[in-house]
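A.B. asks: Residues per chain, in single letters:
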Amino acid sequence: MKIAQACTAIAAARKQICPQAPLVATMTSQFVFDMMGETERRVDSVPLMGGAAGLGLGIAMARPDLPVIVVDGDSSLLMELGGLVTVVQNKPAKFIHFVVNNGVQFNGIANMPRPGSESVCSFAEMARAARYDDTRKIDTVEALIAALPDILEQKGTTFVELIIEPDDRRVSAATPQPLVPAYQFVRMRQGVQKLKAALAG
Amino acid sequence: MSQFPTPNPPGGPSASGLFKALRDAGVSHMVTVPDFVQFALHEKISAPDSGIRQVFACSEDQALTTATGLYIGGATPAVMVQNQGFYKCMNTLRATCIDSGVPIVFFVGQFGREQENFGQPTRDSSRSVVNMMEPLLEAIGLKYWTIDEDADVAKIAEAFAHARTAETGAVVLVGRHVTWN
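So the protein lines, in turn, are chains A and B. Going by the numbering used here, the first residue of the first sequence is number 1, and it counts up by one from there. Going by the numbering used here, the first residue of the second sequence is number 1, and it counts up by one from there.
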């Protein structure tokens with residue numbers, strides 16, 4: 001499954017089942033959601049690897065009436081792996097935690113290997129060991145689309161490891177990387193303000 | 001050198017004084033990786049009728065992102081950590097309080113401050129974990145308030161007011177062990 005397919009399926013299900021649910025994105029998923037126009041009630045952990053689960057947990061604790069959807073990165077989650085325990089410890093009412101397991105860092109740019117990709121570490125098993133209420137591993141878009149209605153209706157803590165094929169590498173000696181756009185350094189501030197206002201409204 | 005610990009000399013801010021300052025500021029959640037210096041305040045907050053929920057995180061980065069999420073959701077969180085943990089979460093602090101304008105007040109215990117430094121500037125401490133703190137805060141542009149005794153506790157309201165109006169982090173440096181009264 002490609003990340004664009006996974007994000008498209010998650011966005012469609014959110015619209016249909018829980019359009020009020022805040023969405024926390026990071027890394028490649030934020031760009032995919034941008035391209036889809038999926039900007040409502042969304043905040044991105046950027047530039048901040050490892051922050052998505054904590055942001056989602058805090059929102060879920062403040063607003064237990066709403067499901068919160070987090071689309072995390074695999075390398076990001078590894079940076080704050082103890083966050084799985086922090087989430088479970090604090091018992092959010094409806095916390096849906098996807099992790100994009102593509103096995104690389106800088107997906108679609110340089111595709112550097114992620115630690116643990118060669119040994120095929122299992123994020124779903126780590127979440128299960130942390131005692132998430134429900135853990136799953138999904139590797140096709142068809143299976144994801146079929147499971148999403150049930151996933152988004154879950155109470156408690158749900159973890160979904162998405163097996164994702166990395167995007168093609170596009171940076172090399174012949175095609176050096178561009179500068180990071182200025183927007184990347186202000187989008188989290190804008191997202192915090194917009195989502196806070198939306199949740200207060 | 002004696003193998004027995006030195007008794008803590010009298011002094012330090014009281015848990016009840018600090019707790020009242022938190023309630024006066026409207027704090028709803030105290031997100032924390034527990035701090036050696038502020039055990040008595042932890043206990044005060046954990047009382048069932050405290051009115052403040054204590055939220056435990058595995059790392060200071062998680063404490064800060066969780067506090068940021070609570071703020072987005074309409075709560076009024078503060079963060080309580082040790083100086084070592086504060087150093088650890090610099091990038092998360094940069095992303096949340098500094099770049100994103102999230103107004104979080106930190107209660108940072110000056111773990112490891114030696115008795116000879118009591119009553120002296122912490123930057124004169126012989127221990128790097130203590131003496132680096134104020135220069136670091138000045139370098140990253142965060143205001144701080146030092147709390148060594150109950151008489152200092154009134155300054156905490158200034159920290160909350162500053163965080164709100166300037167839309168940034170503010171740091172309360174707790175320089176003595178909090179007393180259990």
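Simulated from the structure, these hints should not be mistaken for laboratory data. Take these hints with a grain of salt, some might be off.
List of simulated lysine to any residue pairs, SDA-like, C-alpha gap at most 20 Å [said to hold, decoys possible]: (1) A/K194 x B/A166; (2) A/K91 x B/S46; (3) A/K194 x B/G74; (4) A/K91 x B/C58; (5) B/K155 x B/G74; (6) A/K91 x B/Q54; (7) A/K91 x B/T76; (8) A/K2 x A/K91.
Footprint (simulated), chain B over chain A, 3 or more residues, beta carbon under 8 Å [what the hints assert, rightly or not]: (9) 42 to 50; (10) 75 to 83; (11) 86 to 93; (12) 175 to 185.
Where is the CB? At the ideal position from N, CA and C, for every residue including glycine.
A.B. asks: Please go over all the hints and tell whether each is borne out by the structure.
C.D. replies: Against the structure, the hints come out as follows:
no., hint, verdict
1, A/K194 x B/A166, "holds (18 Å)"
2, A/K91 x B/S46, "holds (17 Å)"
3, A/K194 x B/G74, "holds (12 Å)"
4, A/K91 x B/C58, "holds (14 Å)"
5, B/K155 x B/G74, "violated (25 Å)"
6, A/K91 x B/Q54, "holds (13 Å)"
7, A/K91 x B/T76, "holds (19 Å)"
8, A/K2 x A/K91, "violated (31 Å)"
9, 42 to 50, "holds (count 6)"
10, 75 to 83, "holds (count 3)"
11, 86 to 93, "holds (count 3)"
12, 175 to 185, "violated (count 1)"
In the structure shown, a violation is registered for the earlier hints numbered 5, 8, 12, in ascending order.
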